[in-house]
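*Asks:* Take a look at the letters that make up each chain.
Protein chains: 2
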Amino acid sequence: MEELHIQNTLSGEKERFVPIVEGHVGLYVCGPTVYSDVHLGNVRTFMSFDVIFRYLKFLGYKVRYVRNITDVGHLVGDVDEGEDKIGKKARLENLEPMEVVQRYTNGFHDVMRLFNIQNPSIEPTATAHIIEQIEMTATLINKGLAYEKNGSVYFDVLTYAEHEPYGELSGRKLEDLIHNTRELDGQEDKKNSLDFALWKRAEPEHIMKWNSPWGMGFPGWHLECSVMSRKYLGDTFDIHGGGMDLKFPHHECEIAQHKGAIGMKPVNYWLHTNMLTVNGRKMSKSEGNGFTPEELLTGDHKLLDKGYSAMAVRFFMLMGHYSSTLDFSNTALQAAEKAHQRMMTGWKDLLDIKASDSNEVDVDALRKRCQEAMNDDFNTPVLIGVLFDAVKAVNLVKAGQQTIDEYSKKGLTQLMYDYLFTVMGLREEGSAGTDASLEEGLIQMLIAMRKEARVNKDFALSDGIRDRLAELHVQLKDGPEGTSWSKG
Amino acid sequence: MEELHIQNTLSGEKERFVPIVEGHVGLYVCGPTVYSDVHLGNVRTFMSFDVIFRYLKFLGYKVRYVRNITDVGHLVGDVDEGEDKIGKKARLENLEPMEVVQRYTNGFHDVMRLFNIQNPSIEPTATAHIIEQIEMTATLINKGLAYEKNGSVYFDVLTYAEHEPYGELSGRKLEDLIHNTRELDGQEDKKNSLDFALWKRAEPEHIMKWNSPWGMGFPGWHLECSVMSRKYLGDTFDIHGGGMDLKFPHHECEIAQHKGAIGMKPVNYWLHTNMLTVNGRKMSKSEGNGFTPEELLTGDHKLLDKGYSAMAVRFFMLMGHYSSTLDFSNTALQAAEKAHQRMMTGWKDLLDIKASDSNEVDVDALRKRCQEAMNDDFNTPVLIGVLFDAVKAVNLVKAGQQTIDEYSKKGLTQLMYDYLFTVMGLREEGSAGTDASLEEGLIQMLIAMRKEARVNKDFALSDGIRDRLAELHVQLKDGPEGTSWSKG
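Sequence lines, in order, name chains A and B.
In terms of the working numbering, the first sequence is numbered consecutively and its last residue is 1461.
In terms of the working numbering, the second sequence is numbered consecutively and its last residue is 1461.
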């Protein structure tokens, strides 16, 4: 596709992307709730939007990318009763809630950095926008779309639905929702079980709370994204993203709050990333098949044969389209690891191949195909396929079966740099500081020399190699499958 | 000193440290204003408090360390008129203020990481505490200690001073302050030029503003630290730190606001870090002698002969006491770099020295001196002197002029580890990821083997080593001073 098209969850159609302000894109993505370690599904979502952020910038857009931090207001079980998640964890650990928030925010940032996920332009927190949340709540009460009961304020879904299509994003029908919503304990303040909290009364033991026109309380979870996206991106903005599990109720509620309060639709394009599975089953902590990002890197989980580098994982994730489920299996991960190595070897080979006077590599065609792949709803798997065609061309040149001239070599180098590093956000591993592969290469060289010395019965040499390595704290171990080494 | 003593700026005395809650310490340090890159003075201040944070934890205290981010409210020139610094920069760059804030917050965190400065327990932002600032302002009005004029609210210093000693921290006298305060434009709303703003009316063009009982506005700079320190550390807490330039008016105003609103003193121990000078003159951008942390690392500044590693800079800064001015000169930096290398070599040698049956190294005495140094107002220069005595002992053992037994070697290793890494926060450079020294060691080993092979006229081996290294892209070069190598 010559122009960027996006699969819009709201319309269910693939639509040409037309920004509201020419040359600018406003992008909002629901960020993490920082009451526990970031999970792998988050990493996939934020990596997907990282590539979208990178590609929009690559196209020349000035992108304002807002990804929030939910540091209050997300209720246990996604119902409006129960304790605030962060407050609960804080009391369990006997910590100030903001100390918990700080710890997990730092941890989240560490993981983002590990996977080379860029910082958003603005990373606002829910607690920094209590005033705006109180204001939007008051507006909704004034418009007759919300009501106060016992110090809490609820959004009146049925009144809203008289004028606006509640369920338009998730495709849910109001009648079905009414029938399927259970009456839960502590929901008796609501006119209708469908209604959701904008503001919750805080019990005296609740730690995170603020004064409001309705007494001490804290905002409902859905509200923060409405006020923060509007504050930084405007009354209607271009793209709103998040994990698929947020479509309902979170994003549906965002639309209702925003339309109710502002009278305009908040977002032109909604994008949702799909879920992770493990060996075909939904990844979840309770099933014991939900490994953490760290476990994936170390291999320290019963379902993992080995660990993978952060860039191999990134490559693996981008081998699937963001809107497809992504299945983690040892086979798929190891295949992706090999593919990633092949790609990076191709990149290194490209820098080394000799240019000649004639040229048989059509770089323009490759570039066109790369752009078409990404313009087709950010299709990274297709993009990777095109880049492997580029690697194939490199290999043919290397084998002397095809020619490339200096101009095309430069063009191909720029192309691969653009898409591997700038757009896909890969990073050459071990390129910072020392070179792990050199260390490995040197030791393998010495192991081979020692083997040859033993074959030649030059035991002075073979023992000398072993002893000198030991001085460098490198231990050799001879086994049935050859010699291995370890540092110690 | 057997127990921790702290030089308290408030009393001017060195006092024994007694925490309010046994085993716990509340520590607040004024953080950066994120409207520009962090400067070297900040780095020194935050590094000083990093060592204090580390040492308190080392002593077994559970420390809640709060270091704020000023993302609004700091007025140009530290007077209460003029544009909010962040709003101004944002308009110059045509950015949303929070986008500026995000960029410089990220940059600040990068620099902190570079210098191995630990994250505080909580890093609250001023904009996340607008409600609390409005509440404290209202309290001060109710108590007759503040007044509203044209949508702004000012603290009434003279009324406060009728009951409390305004100037107690900085040692300034009220009469002198009254005579020396110039009448500035736009200050006509104040009853007295000494009064300072708690809340400022926002002009329509002002971007960062919030609704308040006094109209749209934004908080005065001094207020945020009062509300955030109180919120997270309590009505009176243990230690408040900051750069010496903050003593007046910032910290003086914090005390006045807090005492006025709460009726208690906010802080038991005030600590202030001293200024940086360059070749004896105050470091400042306008003088052109204010290099950035990055310039210090790269050496890319007209006053610098060369660049220094982050850990050499850390060592240099800790060679001075936090309460002394620290003078940057090429001579001093290079001396510190050498001292740092000598210290780290001593540490590595310690791991390698051979223990014997007898012992002449008194580790207990060394540990006692380390603790005494740090207990004496965190005296890192004295600590470093003791650690050099430890290195001296290592060198004597290495030279065979002194003995150490296994028990004392272990004790000395633990001691140096504790103080070099845990307390002083040094980091072994090049130790992350692959080991540069192993790579170097392997190649030197191969160079030595090749030399021996040539002496033995085993040219198959010597050429083999050269060729195999070339395959690993390591080039050997024989010269008059021996063989050197390079990657290529």
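Hints listed in this document are in silico derivations from the structure and should not be mistaken for laboratory results.
Warning: the hint list may mix true and false statements.
You can't tell identical chains apart in this list, so a pair holds if it fits in one copy or across any two.
Unchecked claim - List time: in silico DSBU-like cross-link candidates among lysine-lysine, alpha-carbon distance up to 30 angstroms: (1) LYS1030 x LYS1424; (2) LYS1275 x LYS1311; (3) LYS1424 x LYS1460; (4) LYS1450 x LYS1371; (5) LYS1279 x LYS1321; (6) LYS1238 x LYS1311; (7) LYS1116 x LYS1146; (8) LYS1182 x LYS1204; (9) LYS1460 x LYS1383; (10) LYS1460 x LYS1365; (11) LYS1450 x LYS1383; (12) LYS1321 x LYS1460.
*Asks:* All hints, please: hold or fail.
*Replies:* Structure-based check of each hint:
no., hint, verdict
1, LYS1030 x LYS1424, "neither (52 angstroms within a copy, 52 angstroms between copies)"
2, LYS1275 x LYS1311, "within (22 angstroms within a copy, 49 angstroms between copies)"
3, LYS1424 x LYS1460, "both (20 angstroms within a copy, 26 angstroms between copies)"
4, LYS1450 x LYS1371, "between (33 angstroms within a copy, 29 angstroms between copies)"
5, LYS1279 x LYS1321, "within (26 angstroms within a copy, 33 angstroms between copies)"
6, LYS1238 x LYS1311, "neither (45 angstroms within a copy, 64 angstroms between copies)"
7, LYS1116 x LYS1146, "within (24 angstroms within a copy, 56 angstroms between copies)"
8, LYS1182 x LYS1204, "both (22 angstroms within a copy, 12 angstroms between copies)"
9, LYS1460 x LYS1383, "between (39 angstroms within a copy, 21 angstroms between copies)"
10, LYS1460 x LYS1365, "between (37 angstroms within a copy, 28 angstroms between copies)"
11, LYS1450 x LYS1383, "between (42 angstroms within a copy, 29 angstroms between copies)"
12, LYS1321 x LYS1460, "both (26 angstroms within a copy, 15 angstroms between copies)"
Checked against the numbered hints above, the structure violates hints 1, 6; every other hint is satisfied.
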